[in-house]
Each structure stands twice: as structure tokens, then as C-alpha cells.
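Engineer: Given these sequences and hints, build the entire structure.
Protein chains in written order, with the numbering used here: chain A, 8 to 209; chain B, 8 to 209.
Errors might be hidden in some of the hints.
Because identical chains share one entry, a pair is satisfied inside a single copy or across any pair of copies.
Unchecked claim - Derived DSBU-like pairs: lysine-lysine, alpha-carbon spacing no greater than 35 Å straight-line: (1) K27 / K136; (2) K201 / K34; (3) K136 / K62; (4) K201 / K64.
Source of the hints: derived by calculation from the structure; they are not laboratory data.
There are 2 protein chains.
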Amino acid sequence: MSSSGKIAGPVQALINEFTKLPTVGPKTAARLVFHLLNRPRHEAQALAEAILGVKDKVRFCSTCFSLTELDPCDICSDERRDTHCICVVAEAKDIYAIERSDAFNGRYHVLGGLISPMDGIGIEQLRVKELIARIGAECPSEIILATNPNAEGEATALYLSRLLHSLSVTVTRLAYGLPIGADLDYADEVTLAKAVEGRQRL
Amino acid sequence: MSSSGKIAGPVQALINEFTKLPTVGPKTAARLVFHLLNRPRHEAQALAEAILGVKDKVRFCSTCFSLTELDPCDICSDERRDTHCICVVAEAKDIYAIERSDAFNGRYHVLGGLISPMDGIGIEQLRVKELIARIGAECPSEIILATNPNAEGEATALYLSRLLHSLSVTVTRLAYGLPIGADLDYADEVTLAKAVEGRQRL
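Structural biologist: Structural data, given as C-alpha cells:
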């Protein structure tokens, strides 16, 4: 459309870059650009520098493969954390979700993905060898499988639980059921079935 | 919360910067950061450079006060555009919305805001003097007031229509009514009232 040529070049360039981000469509991108245009330059510069900083300063923890500025990461180097329990997650961001819950005080292991034959991701692309090596070296008593409750997460958890069966470690997974604040009426049938199946004695 | 200290510094720094943008909450910000971490460095660099480019290369058009890399802007310097009609908008981004409709071939004038006593924005903060000077210099035959159909937009349009009354120029405003694809049943009563009021002969 000829009219898009009317948008100032640098404005369109930034709209294009923002649109490459997840959850950002062209309208949101334009809104972000006009916001930045209305803010002082140092704010835009702080954002630009933070973007480069995250690419240049963040690396994988050599123990748990979470993202960190210093290796080993804060969690792996924290003496107060329980070394007997390793929580296995798909991605580093899952760590932050679990940390926010304040319900876990052990350490983590980031697989770097989930088994997904459709995307050509098999077990050899995941950090499973590293997990087994850690279990051998650290001798934890429990491995919590905290993969997402979807097809890929379930497949990965099932595979790992079978693989770890031979090792002398308890393997658990996160509970499934109704989310707090939910309404039975609106719960989907699979969740409800899981909630009935996993019912707890009071 | 102590756990937030577990997020690698540069990751948290970028989450903080993203959260300053409109429509971006902490969860979306985290998602954007992890997306960038998974992309090649040159993509992150393109985004960072586009952010600085928009601050360093974009200026106001000295005629219409839209955003432009070259002054006068593409629209003001386009010989094929109708010089007899000026469309008055609150913000430069409104120009792009109208351009996308392909329904207007005149020129624009950006007020730089709307009258809003609550925010301390009076008529003297808007580019009204500049509009009157343009009307004197360019002698347009029509001024379209294309402010948003809300309290501030209406107040500004009313003020401008009275102010321009003494000049020999036709003042119009955008039509109000049902949006295309709407359902009478779901239309709010004010819109419906405007649609009845502005009904057209077939």
C-alpha cells in the first residue's frame, strides 16, 4: 500500500522490529514506537542497552543450564538451598515461575526444550545426559518433573520417569487439578478428570 | 521477594525496561526477553538500533507537525495531494490510521494533543496558532476535524469549529455511527443515538 510509504522510515523500521517479537502485532508495535517518541532519549537508550546487555552478558549456568550472569548461577551457588531435590524444567523461564511460588527450595535442571517429534526435537537435543551425570555426582533423593501439562511435557516426563527408574532416586511430578479460584462449571473436562483422579484425603 | 534476585541481572534489567512500555506487563516482558535470548544477536542489535534510530532521526514536519525523517514530510511535499483540504488530528499516529483507510488525499495538521483540563492541557499547548497561520497562508477550502469521538476530542473539535467560524473555510468532522460489521444488538446507546441522528437518505 502506498500509504505505508508515508510513515517516516525510522518509525516504520522500529515498528517492523517490534512486530518480530511475540505478542506484538502492528498496532501494538506502533503504539510502542509512539510511546518511545514521547519519552526522553535516555529512556530509549536504557531499553536499547538492556537489549544488548541481555545478549552479551547472559550465559548458561554450567550446572543447571539456567540463565545467569555469573557461573554457577545464584541458585546453584546458594548454600542454603536443598541439594537433595532437583526440579527438572523445560526452559529457564519456568524457574522464575516456580521461584515466584516460593514453594520450592531445591535446585533446578533446565532441559532446554521438550520432546517434540513434530519439531524434530528428540531426547538427544535435551540436556538429559547432563541430568544423569548430575544425579550420579550429586546423589539427590528426589527429582521433580515440572514440565508443562501438555502433550510434549507429558511425553518428556514419561520418558524421563522411565529412564530414571533404574537410578535410586524418587521421581515425582507436579500435581494436576483445579487451579485456585476456578469454578467447577467452567473447568475443562480433562482438568476435572485429573482433579478427580488425583483427589486427596482430607 | 528474595526469589526475584535469582533472575540474572541483565534479564531483570531488560524485563524492567520492557515493563515501562504501554501494554507490556511483567509476564509479557519476560516472554519478550526469553524470545530475544533465543534469537541471534544481530536481531537484538537491529531492535536496539531501531529504537535509537527513532529517537535520533525522527523530527517534526515544520508544516504539519507529523513525524518525519526529512522536513517537510512526504505528505506535505507530495505534489499529487490535494492542498484544499486539511485534516486536523490530535497525534501523528492518527495520520497513519487515516492513511490506511485510503479515503483522504489532502494534507494534515497535528495538534499535538487534545484539550484536557484534568491534565492541564489548554488550547495554548496545542498547535492552534500554527493551524490558523496555515489557513491564512494556504487558503484551504475545508478543514476536517478528525479528533477522537470522546470527551476531549469533542471539546477540542467544538472549540476549533467556533474559532474557525470567522474564517472563510468549511469546517467538517468525521461521521459518527455504527462501525461496519457491528450488530445493532450490541451497539452502545450513544453510538446508536449518533447513528440515528446522522442517518442518510438512500
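Engineer: Determine for every hint whether it applies to the structure shown.
Structural biologist: Now for the hints, and whether the structure bears them out:
When the C-alpha separation of K27 and K136 is checked against a cutoff of 35 Å, the pair qualifies only within one copy, where the shortest distance is 34 Å, while the shortest distance between copies is 40 Å. Proximity of K201 and K34 under a CA criterion of 35 Å is satisfied inter-copy only: 27 Å between copies versus 40 Å inside one chain copy. For the identical chains of this complex, K136 and K62 are intra-copy neighbours only, at 26 Å inside a copy versus 48 Å across copies, given an alpha-carbon limit of 35 Å. In this homomeric assembly, K201 and K64 never come within 35 Å of each other (Cα to Cα): the closest approach is 42 Å inside a single copy and 57 Å across copies.
Hint 4 from the earlier list is the only one contradicted by this structure; the remaining hints agree with it.
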